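Q: We have chain A; now place chain B onto it with these hints.
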Amino acid sequence: MHSFSFRANALLTFSLTILALMCAMASLTDNFNSPSPTATVQILNVNRFQKKASGDDEVGVSLDISADLQSLFMWNTKQVFVFLAAEYSTPKNSLNQVSLWDGIIPAKEDAKFSIKTKNKYRFIDQGSNLRGRDFNLTLHWHVMPKTGKMFADKLVLPGFRLPESYR
Amino acid sequence: MKSRGFFLTNAYILSPSTFTESAWLISNRILIRIGEFEICVEDIHFGNMDWQGQKVAEQLMQIMLVVFAIAAFITGYILGSFELMIYVYAGGVVLTILTTIPNWPFFNRHPLKWLDPSEAEKHPKPQVTSSVSKKKTSKK
Chain A
1 MHSFSFRANA
11 LLTFSLTILA
21 LMCAMASLTD
31 NFNSPSPTAT
41 VQILNVNRFQ
51 KKASGDDEVG
61 VSLDISADLQ
71 SLFMWNTKQV
81 FVFLAAEYST
91 PKNSLNQVSL
101 WDGIIPAKED
111 AKFSIKTKNK
121 YRFIDQGSNL
131 RGRDFNLTLH
141 WHVMPKTGKM
151 FADKLVLPGF
161 RLPESYR
Chain B
1 MKSRGFFLTN
11 AYILSPSTFT
21 ESAWLISNRI
31 LIRIGEFEIC
41 VEDIHFGNMD
51 WQGQKVAEQL
61 MQIMLVVFAI
71 AAFITGYILG
81 SFELMIYVYA
91 GGVVLTILTT
101 IPNWPFFNRH
111 PLKWLDPSEA
121 EKHPKPQVTS
131 SVSKKKTSKK
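In order, the protein sequences belong to chains A and B.
In terms of UniProt numbering, the first sequence opens at residue 1 and continues consecutively.
In terms of UniProt numbering, the second sequence opens at residue 1 and continues consecutively.
Among the clues, some could well be false.
[To be verified] Using 25 Å as the maximum straight-line C-alpha spacing, the simulated SDA-like pairs for lysine to any residue come out as follows: (1) A:Lys51 - A:Ser3; (2) A:Lys146 - B:Ile78; (3) A:Lys51 - A:Thr117; (4) B:Lys113 - A:Ser3; (5) B:Lys55 - A:Lys51; (6) B:Lys55 - A:Thr117; (7) A:Lys146 - B:Lys113.
Keep in mind the hints are simulated off the structure, nothing from the lab.
All values derive from a computational prediction rather than experimental measurement.
So here's chain A without its partners, still in its complex pose:
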């Protein structure tokens, strides 16, 4: 600690190291959270179910998504990214996951929501395997922190079925 600049340098590096430790501890506290989110999804209508010129099936649906994700928010949470995926298996692929809708929830107050929407992204199969297909609608979420580790989890809602014939 010989001179002004020596002390200033020591203080700056020490304070930044301590700040890094504080952020690591804040991230560790995210493990103490045991969230209990709930969600329900209804398919209001299958608007479109066609086989495209390329030979792939395409589905257009209207969805009613309502969820309560407020318990996911902690003091170290910046936002929650949530998306709804249709999951099914075909003879060609053992697992298909097609994202139908997503959204960003910036604050805890917005985490309890209920929306009616058409699918934001196109539901296109690899092939023509969707007639009469059973599928799950899985709600995935990524809890994005202000610092540290991101947690991802999902909620599986089974029991949906596509029509037997094209419309």
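A: Same frame as chain A, but now just chain B:
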């Protein structure tokens, strides 16, 4: 409190050298006259730090930063606000900067007593060349 009838400042700042302790002379004498009141501040002199003061400054800096970090984390965790934690910690860092970086006088309680330069002249350095030649002649 001295009373003078005019506004006198004699303020200048020396830049510190990198190899010695910094000496900051902020003001020699400042006299401020506002209406009837006069404030005279003499000799705000930031001197050097002595060895004891350097140790105290370093320890004070480390302790203050750690204490403020712990207080900031607890406050942020209990009140559930990450921003509050950062603000409390930033305030603590600023306070630590103001306390430990300038050469406050209380860091100079045991000033070093250097020898007077006249003493060095009384003891001149011994001549090196004569002793080397003496060694060579003795080996022969």
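Q: Are the hints correct? Go through all of them and say.
A: Each hint, compared with the structure:
Straight-line distance between C-alpha atoms of Lys51 of chain A and Ser3 of chain A comes to about 77 Å, which puts the hinted pair past the 25 Å bound. The suggested pairing of Lys146 of chain A with Ile78 of chain B holds, with an alpha-carbon distance near 17 Å, which does not exceed 25 Å. Restraint check for Lys51 of chain A and Thr117 of chain A: the C-alpha separation of about 23 Å stays at or below 25 Å, so the hint holds. Taking the CA atoms of Lys113 of chain B and Ser3 of chain A, the gap is near 19 Å; set against the 25 Å cutoff, the hint holds.
With a C-alpha separation of about 80 Å, the suggested pair Lys55 of chain B and Lys51 of chain A falls outside the 25 Å cut-off, and the hint is violated. Of the supplied pair hints, the one linking Lys55 of chain B and Thr117 of chain A is violated, its CA atoms being roughly 66 Å apart against a limit of 25 Å. Among the hinted pairs, Lys146 of chain A with Lys113 of chain B is inconsistent with the structure: their alpha-carbon atoms are about 53 Å apart, more than 25 Å.
In the structure shown, a violation is registered for the earlier hints numbered 1, 5, 6, 7, in ascending order.
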